[in-house]
Amino acid sequence: MRRESLRLVLVAGAGVVVAIAAWLLNAGFVSVLTPIVMYIALSEGWTILGGYGGYLNLGMVTFFGIGGLAAGVAATSFHAGPLPAILFGVAAAGVSGLLVGLVSLNLRGAYFGIFTFVSSFIFMAIADTVGFTNGEAGMMLPSVTASSDAAARIWFDAFVVVAVVAVALALYVQRSRWGAALTAIREDEPAAEVLGIRTMRVKLLAFLAGALIAGAVGGIYAYQQQFIYPETIFSDLITLQVVLMAVAGGATSWIGPILGTLIVMGLSTLLQIGAGQMAIAPQIDRVIYGFILIAVGLFASDGLVGIVSRRRGQRRPASARSPAPAEVASQPKAAGDGL
Amino acid sequence: MAAIIANTLLSGLLVGIMYGMCGLGLTFTMGFGKTMNVAQGTLIVLGAYVLMTLSTKFQMSPFVGLFVLIVAFGLLGGVLDRILLTHLRAKSETITLLVLFGVAQVITNLTSWVYSANTVSLTTPLTQQNLVVGSLQISAVQLAVAAIGVAVMVVLYLFLRGAPLGKLIRATAQSEEAAALCGLDVRRARTMIFALGVTLAAIAGFALAMLFPFSPQDQDTWLIISFVVVVLGGIDNLLTTLAAGVVLGVLQTVAGLWLPFTDQNLVVYAVLAVALIWRSRAATLRYRSI
Chain P
0 MRRESLRLVL VAGAGVVVAI AAWLLNAGFV SVLTPIVMYI ALSEGWTILG GYGGYLNLGM
60 VTFFGIGGLA AGVAATSFHA GPLPAILFGV AAAGVSGLLV GLVSLNLRGA YFGIFTFVSS
120 FIFMAIADTV GFTNGEAGMM LPSVTASSDA AARIWFDAFV VVAVVAVALA LYVQRSRWGA
180 ALTAIREDEP AAEVLGIRTM RVKLLAFLAG ALIAGAVGGI YAYQQQFIYP ETIFSDLITL
240 QVVLMAVAGG ATSWIGPILG TLIVMGLSTL LQIGAGQMAI APQIDRVIYG FILIAVGLFA
300 SDGLVGIVSR RRGQRRPASA RSPAPAEVAS QPKAAGDGL
Chain W
0 MAAIIANTLL SGLLVGIMYG MCGLGLTFTM GFGKTMNVAQ GTLIVLGAYV LMTLSTKFQM
60 SPFVGLFVLI VAFGLLGGVL DRILLTHLRA KSETITLLVL FGVAQVITNL TSWVYSANTV
120 SLTTPLTQQN LVVGSLQISA VQLAVAAIGV AVMVVLYLFL RGAPLGKLIR ATAQSEEAAA
180 LCGLDVRRAR TMIFALGVTL AAIAGFALAM LFPFSPQDQD TWLIISFVVV VLGGIDNLLT
240 TLAAGVVLGV LQTVAGLWLP FTDQNLVVYA VLAVALIWRS RAATLRYRSI
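If you're matching them up, the sequences are chains P and W in order. So for the first sequence, numbering that gives the first Met the number 0 puts the first residue at 0; every next one is plus one. So for the second sequence, numbering that gives the first Met the number 0 puts the first residue at 0; every next one is plus one.
Worth flagging that the hints you see were computed from the coordinates, not collected in a lab. Quantities reported herein were computed from a predicted structural model and do not represent experimental measurements. Where is the CB? At the ideal position from N, CA and C, for every residue including glycine. A portion of the hints provided could be inaccurate.
Each pair of labels, with its calculated beta carbon distance range [claimed, not checked]:
(1) Phe28(P) x Glu176(W): 57 to 67 Å
(2) Glu192(P) x Glu176(W): 18 to 28 Å
(3) Leu74(W) x Ala179(P): 38 to 48 Å
(4) Gly161(W) x Ala190(P): 39 to 49 Å
(5) Asn236(W) x Arg197(P): 31 to 41 Å
(6) Pro281(P) x Val119(W): 18 to 28 Å
(7) Met59(W) x Phe290(P): 29 to 39 Å
(8) Trp277(W) x Ala79(P): 32 to 42 Å
List of simulated lysine to aspartate or glutamate pairs, DMTMM-like, C-alpha gap at most 25 Å [to be verified]:
(9) Lys33(W) x Glu176(W)
(10) Lys166(W) x Glu176(W)
(11) Lys90(W) x Glu3(P)
(12) Lys33(W) x Glu192(P)
(13) Lys33(W) x Asp187(P)
(14) Lys90(W) x Asp187(P)
(15) Lys33(W) x Asp235(W)
Let's have the full structure, built from the sequences with the hints guiding it.
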């Protein structure tokens, strides 16, 4: 466990360093780095249920959007300050996370995926129609300081805080009993239940963790952008990127999403540069993401982390119910599975 | 008053059959094939776009185009299965879901790139025609599409009942291991199941093109509808899927009498919520089930 404490300290330390560095760097550069930090937070939050638990939440953006909208409502209708508004966003995301989770976590893994995907569009449609969020027109949030440079740094630091929390949580969970329970659920859920693991509770907590983190990120995002409307804040591009980053990096490890985020954001930047020069249409980057996702799913479902550990000769961590050859002999589950 | 209600019900019935057609494809892949086809919505929309291209660029009658769609998408489904899904069957369901999610993104955005993101609609000689029977005004297009939907349902049912391939599919769906032990070509069955599911989606796309305007982003709407119909109707039975579609269609059009147009979708979502809570108590969708 000492190693874990050391890692947690390192993560927190890195966060502090990065947060301070924001004030020393060019504000424009900080703006470029902001999405990276934001997605690190989101993908770490996703991977607790998605990577460890094997339940792919294809509607991560739902809670991002709810957090953002709730913060917006708090800011505009109730004239709350930024911190209360964002916390309100987190609370709203938590409550809806509880509701959605209770309904959806009863479903089998794959049905859960399709339902969460569908629910993100449902929430977008609801947000479009419901009056107090100003519908499709969106909301404007008040700015925090007069200087936009300072604002960029403030929100960057806010994202860093959430990202550190998310990474620390993922790190902690991975080695904890909770994480072991999630892994058990991922590998063989009925067996986990038989062993006495309270699967619903474990899954729901993991789902909530992701929802709360997404809500916090959404709330901060709303303030950073200063203008939000349902189309963007419930965009399925966010879901796609989060899933891609977590899975490509390696969803079964705390460090996977960080790697994945860096890789995908790097790729995205390259594409944007290329788009400028070669007139590539905007949808093409999503097509590429889709192909990468397909390739990762086919060949490297453990992501980069999996590839590295296989190279190192370590035993491949059982990714989502596919038993490595060495394990089959000791786990006589194959014959009875599904019957 | 009675005429309005009758017309509304009739329209709901006919549109509902179209919803049922959307659900059929998903029932097939999910129920028979145990594959979570997240790409269902985008396949439906793609089918609609292809039909439109056939109709406008190649001057094909939509009904001829339907046959082209069936063949083309059948092939597409088979190819997708062989290239991607067959390899993933050994792995988990969730990886299949992930890959299909990627496929859905690719198809949606390629469609958007090729056809642009604008909303389009298909007009045919039938489009504005109404049949008048007493005080009932029946839209000719809706009637034609519904008739085709029912015909597809009947053909599918007979195929599954009588044809050797149909029996192979049913056997595989019931128990893949037992089928394999009997010496049946299970891999072929799986490919056929997915190909059929994609074909059914294409047929739903034909219906979509005939009845509604569409754009690439609408894939989520049609995925939602397909999903709601499947949850409501159950994934084991094709007939109840069609019936569930009709129920949804009727509920939506009847609600449309009171609700403004933009809120009609809320009815769909409400039905989904209710159906899910009801179904999650049943064994069908839970992880504990087969």
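How the hints compare with the structure:
1. Phe28(P) x Glu176(W): 57 to 67 Å: 58 Å, holds
2. Glu192(P) x Glu176(W): 18 to 28 Å: 23 Å, holds
3. Leu74(W) x Ala179(P): 38 to 48 Å: About 46 Å separates the Cβ atoms of Leu74(W) and Ala179(P), which means 38 to 48 Å holds.
4. Gly161(W) x Ala190(P): 39 to 49 Å: 41 Å, holds
5. Asn236(W) x Arg197(P): 31 to 41 Å: Hint holds: Cβ distance 33 Å, inside 31 to 41 Å.
6. Pro281(P) x Val119(W): 18 to 28 Å: 20 Å, holds
7. Met59(W) x Phe290(P): 29 to 39 Å: For Met59(W) and Phe290(P) the Cβ distance comes to about 31 Å; the hint holds.
8. Trp277(W) x Ala79(P): 32 to 42 Å: Roughly 39 Å apart at Cβ, these two residues keep to the hinted range, so it holds.
9. Lys33(W) x Glu176(W): Distance of about 14 Å is within 25 Å: holds.
10. Lys166(W) x Glu176(W): 15 Å, holds
11. Lys90(W) x Glu3(P): 31 Å, violated
12. Lys33(W) x Glu192(P): Since the Cα atoms of Lys33(W) and Glu192(P) sit roughly 22 Å apart, the hinted pair holds (cutoff 25 Å).
13. Lys33(W) x Asp187(P): 17 Å, holds
14. Lys90(W) x Asp187(P): Judged against 25 Å, a Cα distance of about 13 Å means the pair holds.
15. Lys33(W) x Asp235(W): It holds: about 11 Å lies between the C-alpha atoms, which stays within 25 Å.
The structure is inconsistent with hint 11 alone, although it conforms to all the rest.
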